[in-house]
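Peer 1: Protein sequence lines correspond, in order, to chains A and B.
When we follow numbering that gives the first Met the number 0, the leftmost residue of the first sequence carries the number 0, and every step to the right adds one.
When we follow numbering that gives the first Met the number 0, the leftmost residue of the second sequence carries the number 0, and every step to the right adds one.
One or more of the hints may lead you astray.
Said to hold, decoys possible - Below, simulated DMTMM-like cross-link-like pairs (lysine to aspartate or glutamate); rule was C-alpha separation at most 25 Å, straight line:
1. Lys40(B) / Glu279(A)
2. Lys53(A) / Glu23(B)
3. Lys53(B) / Glu279(B)
4. Lys53(A) / Glu36(A)
5. Lys49(B) / Asp16(B)
6. Lys53(B) / Asp16(A)
It should be emphasised that the hints constitute simulated quantities derived from the structure, not laboratory data.
These numbers come from a predicted model, not from an experiment.
There are 2 protein chains.
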Amino acid sequence: MALTQPGLIYLAAGFTDPDTLPIEEVRIIVDDVLSDENCGKSALQYGSTKGLPKLRELTAERLQRVDLGLPPGVADADRVVITHGSQQLLYLLIEALCDPGDVVLVEDPTYFVFLGLLEGRGVKTHGVKLTPDGVDLDHFDYVLRRLVSSGEIKRLKLFYIVTYAHNPTGIVWSFVKKAAVLERLLRIEKLAGHPVFLVEDAAYRDLLFENRHENSALKISDSKARVIYVGTYTKPFATGIRVGFGLLPPQLIDPVLNIKANHDFGTSQFIQYVVCRALESGLYERHLGVLHKHYRAKALVMKDAIEKWFPWYIDVWHPTGGLYYWIRLPRHQCTGPRSKLFRTALRQGVLYVPGCYCYARDPWRKVPNHEMRLSFGSASASEIQKGVKRLGEVIKSISSYHTRRQT
Amino acid sequence: MALTQPGLIYLAAGFTDPDTLPIEEVRIIVDDVLSDENCGKSALQYGSTKGLPKLRELTAERLQRVDLGLPPGVADADRVVITHGSQQLLYLLIEALCDPGDVVLVEDPTYFVFLGLLEGRGVKTHGVKLTPDGVDLDHFDYVLRRLVSSGEIKRLKLFYIVTYAHNPTGIVWSFVKKAAVLERLLRIEKLAGHPVFLVEDAAYRDLLFENRHENSALKISDSKARVIYVGTYTKPFATGIRVGFGLLPPQLIDPVLNIKANHDFGTSQFIQYVVCRALESGLYERHLGVLHKHYRAKALVMKDAIEKWFPWYIDVWHPTGGLYYWIRLPRHQCTGPRSKLFRTALRQGVLYVPGCYCYARDPWRKVPNHEMRLSFGSASASEIQKGVKRLGEVIKSISSYHTRRQT
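Looking at chain A on its own, in the form it has when it is part of the complex:
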């Protein structure tokens, strides 16, 4: 793919806006940490595999604050594991829980890097249709029944969901849906013959435009043994500082830490100190306020441009946060990497993520091929306007052709 084409507008990558990076703030934090000899020694020395105790405490406290009314003992620093980005936690989880040939459920569509991870480890996937407040429960029931009748239920290990400002669709899961999903997973465990976990990826929670206090699945009573909560400080703060975390069921902590120790002994103390200080000082929360305003404004720029330049018949999913718009074209208008639309758009200097990348290789249905993810993360306002205009013109020019055969 000609990704270095001059003048190309990237509406594809999930990069955050370089203008929002807290450069001066991080400079002051590091200056502060390394001006104190004891802190400095600790920040530049090995730490524990689990992560900096203070950062684990702050993480638990913050969850308790954000997730109003969590049952006692749930947001426990002892259950927090710090990783090199939340991606590493996902990897460790799959290593700890899944053998090749095991089955993982995902949303249709979902975070495509996670699909790559599963594929890389030989894990099978089935998709459950996503609606604007979480998965379609009827379809979930159907998938579970089918897993039972095919015998695959014995290999089902977990259901992975992205619950806040979902990547790629931008939706927020309702708490009720999470509870309904967990209840079904618990019911199915007898047939599975082993625990089936609900992995709640809340990577974009801190990037919601408004503080929507939809509770996490941790709020569900008895979540403790089955809900894995995954978060990150990277995405909303500085992606170059790779610090994510998981809040794990007690029985998973040691298995995950044993693998983490083999990966890298533990997350860089130095970057953990930076995040820890940002949280402690209130800088992190203040930065979120700035970000929300910034991205809301850029989302509006993209919305206006889409309304102005895209044809009337497309279906736009308006994001509640995060970095993406999800666009659905009519079924016959293919958007895949080999489609006329994608190639023409690239020639016209605009790159998007083909929707088909966001679907599991699920033999039970055809992969939809008429959607696209547009990012307003790193592009400037004028690039967004220009990129959407180019793309809209390409869509209109292509729509007269019949592109069904192209993928």
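For chain A, the structure is supplied; the task is to place chain B on it using the hints.
Peer 2: Leaving out everything else, chain B in the frame of chain A:
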């Protein structure tokens, strides 16, 4: 293990000396990087999975400088992959090259964390006896013959060696031995039916007390396709900044990067910038000079203490660098974690690494159980003296007992 016992002297861990950490230097580097807006934006943003181009270049250039007379094209920035510590590179390699049940050769004794990694992934290991300049080639031949006759040769994937200031014995491999080993591995490939790699872990190379220009295995002609060179900036600079690297055969780069992308997308740009600047400015090399003097002095303190307090009949391996002394007691004097010696030493407030931890679980021989690794890394001079004195007294007091049955 009562690792938080008050007054306990740790001669076990491979921590570097906190007094050597370049705290002020890192503060100035970060200040510098983040005072420049463009640099700052890049340091706090996602980078590439392979690593910062400038850091990869500097790494290749430095190898070319240190490893005099490397054939052209060997120290190539394109072959360098940056990881979260060299440990992560080892993990990625094993993921890329080994399936459960595959066989890896290691030195007897070797770096025990690597043994844990192999075990965690279901890889079998056989040990090859170590002598003061590398493995015993006769024993290596014997092991290879046995692998052939047992059919295990078909599963042999690599030989892992620690070539500079070896952990735990402190020896330096001679170049001639590396060449002899690689030559044998190449010869055996026909029987193996696939490539067999030589992994040269040079983690302690920059911690050699004197600049001993023993060439790496990269110097061997035709090393390019089979030698994997692993290094780190973490150990000699600041262990809290996790930056290691590998120089990989071209055919392994993509497989390793694909797994790395699933692990964490790429190493934190921020910590890569810190290391990059330290190399660029000459600070890294200056720091090594300070370190060498510091650790040589501490090694001498430990040497004197051992000569003074340990019984005359022990066998001491004097290190050429790194952080460790390797001590061999008579065969009947067990040093394992359940031995009277270990437990008494712990009660007397001194902790060492039992030698048995450094041996693969190789069914072809019994694990030696009469050795210990003593670290002079993080303990102060007076702790070293006190710790060695306590340990010497314990050894002498135990030696009158017959401890053969204890492990």
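Peer 1: Hint by hint, say whether it matches the structure.
Peer 2: The hints, checked one at a time:
1. A threshold of 25 Å between alpha carbons decides the hint, and for Lys40(B) with Glu279(A) the separation of about 23 Å falls inside it, so the pair holds.
2. Restraint check for Lys53(A) and Glu23(B): satisfied, since their Cα atoms lie roughly 23 Å apart, inside the 25 Å limit.
3. The hinted pair formed by Lys53(B) and Glu279(B) meets the criterion: a straight-line CA distance of about 9 Å does not exceed 25 Å.
4. For the suggested pair Lys53(A) and Glu36(A), the alpha carbons sit about 18 Å apart, so the restraint of at most 25 Å is met.
5. With a C-alpha separation of about 30 Å, the suggested pair Lys49(B) and Asp16(B) falls outside the 25 Å cut-off, and the hint is violated.
6. Straight-line distance between C-alpha atoms of Lys53(B) and Asp16(A) comes to about 23 Å, which keeps the hinted pair within the 25 Å bound.
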